[in-house]
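**Q** Line by line, the protein sequences are chains A and B.
Following the UniProt record's numbering, the residues of the first sequence are numbered contiguously, the last one being 319.
Following the UniProt record's numbering, the residues of the second sequence are numbered contiguously, the last one being 284.
Hints listed in this document are in silico derivations from the structure and should not be mistaken for laboratory results.
Among the hints, a few may not be true.
[Claimed, not checked] Not everything, but these chain B residues come out facing chain A in the computed CB check (under 10 Å):
# : residue
1 : Pro60
2 : Thr70
3 : Thr74
4 : Gly76
5 : Phe192
6 : Leu213
7 : Pro262
Virtual Cβ for every residue (Gly too), placed ideally from N, Cα, C.
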Amino acid sequence: MTTITSTAPATATGGTSASAHRAPRGRRLLRWLFVAPALTYMALFFGYPLVNNILISFQRYTPKTYFTGEAPFNGLDNWRAVFANELFGDALWHTLLFTVGSLLGQFTIGLALAVFFSRRFRLSGLVRAVLLLPWLVPMVVSAVVWRRILDQEHGMLNSVLHAVGLVSADGVPWLSSPSVALLSAVLVNIWIGIPFNMVILYGGLQEIPRDVYEAAALDGSGPWRTFRSITLPMLRPVITVVLVLGFMSTVKILDLILALTSGGPADSTQTLGTVTYQLSFLQLDFGQGAVVGNVLILISAVFAVLYLRANRADFGKGK
Amino acid sequence: MKQPTNTPETNRLPRGVRLRSAWNTTAALLILAVLLFPVYWMLNTALQPDASIAATAWFPTSPSLDNFETAFSTQGRSLLTSLGVALGAVVVCLALAAPAAYGLAQFGLRGGQGIVFTTLITQMVPGIVIANAMYSAYAELGLVNSYLGLVLADASLGLPFSIVLLRAFMVSIPTEVVEAAMVDGANRFTAFVRIVLPMSRNALITAGLFTFLFAWSDFIFALTLNTTDDVKPITLGIYQFVGAHVSDWGAVMATAVLSAVPAAILLVVAQKYIAAGITGGSVK
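The whole structure should be built from the sequences, with the hints applied where relevant.
**A** The structure is reproduced here in structure tokens:
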């Protein structure tokens, strides 16, 4: 996060090197050779898709396109079709619920754990490290494990809840009822996202100088008051970055949902990501898939701007 | 950790503090148990030979490796595919990222800051959008269902992160070190290979490990850029496995355990780099 800050001083001396006898222009060109391969690759794998996705959204793709290679432009047809599709509105709403629900849960629990682990006690570092495991395991794999745990008939969760007397013998249809499935997906995603939030917020907490807390203690401030008047405000730049990054990674999640519910039951867990996949790769209508993808990018872009602004604020304070 | 651990209170009440520390440790272990339960359940189910459709026992009282045998025989090839593709992605990614990071860190290129900004932003492009737009290009270039195609796509998962991470490290390498080598007759490139790369070893390892993990975890590219089973990484393998053999949960969970091995290794081997990696690159 602090990476953008430090270029200027380090590079100022870069020009006065031993190869000064070469033509400066040639030297400058030579330097670009270090950066050029990566830039070319990024242009191909990030720039091209962004542009091409916009173009595709105005073209008519059918399964036939893959034999003929023809994808005629069709104006706003794809856009109209997507916006008229009821599934699009539903997916937009599900994406919002999934993202906001996930963020709330991940952030709250992550912050609580970060504060807890800021206390000094034995094994603190070790436990913190092991807690990262859920974040490192491939998302599809986590989703598959949870699918087993959440199984209505044979899942562990229902048998425990039943044993405790919280649910009837039928159990909760975690993944098989349209009214519960999205909530289940949110719960699983909260579980996946806790470590990320915890680590970054923990790092932020370590940056707050100790003497501020000592001064507050001298003034007789209680723990809750200290948390609200010192910890939260001083943590704000970090909180913004965590939430924005969390938003951008959550809004596009696809693997978790596909492996958990495949968008079902009854489309109740379809999000913009799964709909893009479904339109493009199952119905082979890349044009309509691109429309939904563009909406997804637009939403991400709004938060990218927020991220950059948050970074700049961070940068201004940091140095 | 840098702060002194003794608050005034510690000196006065060592016993009370120690008691509180024990209490906190207990609470921490409890949190660990709750949050890591799914991981335990994955192992537990994998170790029970008849954990089929019926409810699974709480503990593997008579553990067996039968499920792992099934997992290896049905998913072994996918595990190898993932290994190959992830290693390939690491090579491509580091080969592109290291010189770029060095250039951005030390050359004062015009527009360098803009490039770093752009690099940060590329991490926000949804994978499905890239797949959507790349598919037609891949189809034309014959890269669908190819190892090369998947390696190139997966390298994109680690590239922005690696550039940002390596650049942050290389900024701290004094320019004099490189200049000294160039006085001795090395050109920019050999100085980079002989001096800068060895000095950046730790940062390269971190970037490489994360790139490996991203590529190993990739599902979207594996799913969309392959239409046959020729190139099937383990993430795609387990996804199809669940669909087809949903009754054989023991074997599915054994596969899950195997596919979580790189994460576990990373956690043990590179533990100290992980927090730096997460915050430094602001990934995922």
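**Q** Run through the hints listed earlier and report the numbers of any the structure violates, in increasing order.
**A** Of the numbered hints, 1, 2, 3 and 4 do not hold.
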